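Each chain is listed here by its residues.
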Amino acid sequence: MATACIAAKGVTKWFGEGEARTVAVRDVSFEVYLGEMLYIVGPSGSGKTTLLSMISGILRPNEGVVDVEGTNLWSLDNDHIADFRLNKIGFVFQDYHLFPRLTTAENVAIPLILKRRSWKDAVDEALKYLGIVGLANRATLPPVKLSGGEQQRVAIARAMISQPDILILDEPTASLDGDTGRSIVSFLHDQILTEHRAIVIVTHDARIYEFASRILNMEDGHVTGITAGAALAK
Amino acid sequence: MKGIFSLAYKLLVNDRAKFAALLVGITFAVFLMIQMTSMFLGVLLRASSTVLNVGASIWVMDPAVNTVANSLGMPDYVADFARSIDGVKFSVALYSGGALVKLPDGTLQPVNVIGLDDTSLFGRPKLEKGNIEDIFADNGFIVVHDAEFGKLNNPSIGTEFELNDRRAVIVGVAAVASSGLFGIPTLYTTYTRAVQYIPSTRFTTAYILIEPKSSRDIAHIKAEIAKLGYIALTRDEFIHRISHYYTFQTGLGTNILIMTVIAFIVGLSISGQTFYTFILENLEKFGALKAIGAKNSELVWMILFQSALVSATGFGLGIGLCIILIFIARIRLPDYAALITSGNLSLAFAMVIVIAAISSYIGVRRVLQIEPFDIFRG
Chain U
1 MATACIAAKG VTKWFGEGEA RTVAVRDVSF EVYLGEMLYI VGPSGSGKTT LLSMISGILR
61 PNEGVVDVEG TNLWSLDNDH IADFRLNKIG FVFQDYHLFP RLTTAENVAI PLILKRRSWK
121 DAVDEALKYL GIVGLANRAT LPPVKLSGGE QQRVAIARAM ISQPDILILD EPTASLDGDT
181 GRSIVSFLHD QILTEHRAIV IVTHDARIYE FASRILNMED GHVTGITAGA ALAK
Chain E
1 MKGIFSLAYK LLVNDRAKFA ALLVGITFAV FLMIQMTSMF LGVLLRASST VLNVGASIWV
61 MDPAVNTVAN SLGMPDYVAD FARSIDGVKF SVALYSGGAL VKLPDGTLQP VNVIGLDDTS
121 LFGRPKLEKG NIEDIFADNG FIVVHDAEFG KLNNPSIGTE FELNDRRAVI VGVAAVASSG
181 LFGIPTLYTT YTRAVQYIPS TRFTTAYILI EPKSSRDIAH IKAEIAKLGY IALTRDEFIH
241 RISHYYTFQT GLGTNILIMT VIAFIVGLSI SGQTFYTFIL ENLEKFGALK AIGAKNSELV
301 WMILFQSALV SATGFGLGIG LCIILIFIAR IRLPDYAALI TSGNLSLAFA MVIVIAAISS
361 YIGVRRVLQI EPFDIFRG
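Line by line, the protein sequences are chains U and E. According to the working numbering, the stretch in the first sequence is residues 1 to 234, in order. According to the working numbering, the stretch in the second sequence is residues 1 to 378, in order.
No lab work stands behind these hints, which were simulated from the structure alone. A few of these clues could be false.
Here are the simulated DSSO-like pairs of lysine-lysine, each with C-alpha atoms no more than 27 Å apart in a straight line [to be verified]:
no. : chain 1 : residue 1 : chain 2 : residue 2
1   : E       : 10        : U       : 145
2   : U       : 120       : E       : 2
3   : U       : 9         : U       : 88
4   : E       : 295       : E       : 10
5   : E       : 2         : U       : 115
6   : E       : 295       : U       : 115
7   : U       : 115       : U       : 128
Okay, the calculated bits of chain U under chain E, using three or more residues with CB under 8 Å as the criterion [unchecked claim]:
no. : segment
8   : 53-65
9   : 99-111
Only a predicted model underlies this, so the values are computations on that prediction, with no experimental measurement involved. Built from N, CA and C at the ideal position, the CB exists for glycine as well.
The following block holds chain U by itself, in its conformation from the complex (with noise of 0.2 Å):
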């Protein structure tokens, strides 16, 4: 059986008080395995970024538990639960948020930054990761330099670099033509994704499903269901 590296149970998120009360997401419980790909899905303002936002450390919840390793993630103060996104998350934002200011090497080097390995060790380092992402020889360019699919592979080798468990996409392929968009996921699932890293993406593009293990489908805030993707049908 698949270990769960991430146990969310019954969490529950709403935004302002009395009557502006908006409830993102209802009493949602699930599990994600090393070794998925994981599938958040559903229309807009279904509650799937907030829910990827609890179980990755961003945002507490009201209510309910995230379980990491046997310890509830929202029971730590705010620096143990950095250090929970720095070592065990790697994240890809939809605007991939890279630093025009640095050079993509320094932008993958970041998360090492972070963990206090020196400059340079950082973007040697860095250079590898550009190199799995096949984008060595665009490592001194800026950011701005990229199309947005190169800029992307920046944004998953620093997601990478520091080797989390779990990665997190949020709408990866939004930007992204068609083509461009399958081959990043086809990437993920045929080069990022092994037995000891799960992977979790909020997605509402159907066109990439094909690699999904298991799809969790969301409606106003609730968990509708959750479903065997085509990947691990095959």
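Here the structure of chain U is known, so what remains is to put chain E in place on it, guided by the hints.
Only chain E this time, still in chain U's reference frame:
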């Protein structure tokens, strides 16, 4: 932390436009603050030039005297009384007054004349040319080789001119520690000759210079002089009195203070606004760093480092600019009064720290407020 500081450095310096704007703001503020205060200190130094150049330990004067230039004559018995006080090693009279020199081309040039005690010549300047004994020669005067020297057509030993319609001869050229404030040349002669050449009121002694036997005697000497209705001030006290007068009774200090405060506000406005804009533009990036795993304390250190770097660089550039300006000004205006001291550097540094602290505080507040979730939501 070195890597995090490197990251902060690159984020700041690679944004060249913002970095330049920040540097210009701080540099300009430091330049103005140092320039204003150095001019003020230069004026104060010049105002006390006679006190510094003569070098006496204690100066006796009328209580109404605020500056060297507006001395009031004291009767001779004050000098006699001063000599008789216990603890006085020696005591001499000093003359200080103004006269008109008629140059060979017929132009009239005001000068300041210092009359030294005939016996001791106490307070005599260091000579560059000539012998001090020649001051006793007929019509002998020593000219001070300072910034105003050229106004007497660069006289040399043997140069003659008319001083208050009487013949005067240059017998020596002297160097002094500080030039005067009012831009007029200075001549030294004996007390007796000064009184002869310059029309005076009934009392001719401008100051009585006292050398105490020891510093322990100063208080007693002051008390004794006070019994006659006059005051005895140490050299530092007299300089302080002159500085106090120019600072608080002439408006000079207030105006310089206002200019310094304006420089501070301008620097704070430019730097604070630019740094805040820099933080705002990078807010998402700071949020992304937080999401990736940076702790609040690390982000605070990054901002403090950036602020400190800009402030230190701007402070250095501001000082450099000020020194260059003073250097260039002195090429064209040899008597340009400006003095950079540890005091005004410290003041400017303190103000830069305040600017950096306020700018950092604004930036830190915004960065601490940003939530990584805001980055996720886009």
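Status of the hints after comparison with the structure:
no.: 1; hint: E/10 - U/145; in the structure: holds (18 Å)
no.: 2; hint: U/120 - E/2; in the structure: holds (11 Å)
no.: 3; hint: U/9 - U/88; in the structure: holds (19 Å)
no.: 4; hint: E/295 - E/10; in the structure: holds (19 Å)
no.: 5; hint: E/2 - U/115; in the structure: holds (11 Å)
no.: 6; hint: E/295 - U/115; in the structure: holds (11 Å)
no.: 7; hint: U/115 - U/128; in the structure: holds (17 Å)
no.: 8; hint: 53-65; in the structure: holds (count 3)
no.: 9; hint: 99-111; in the structure: holds (count 6)
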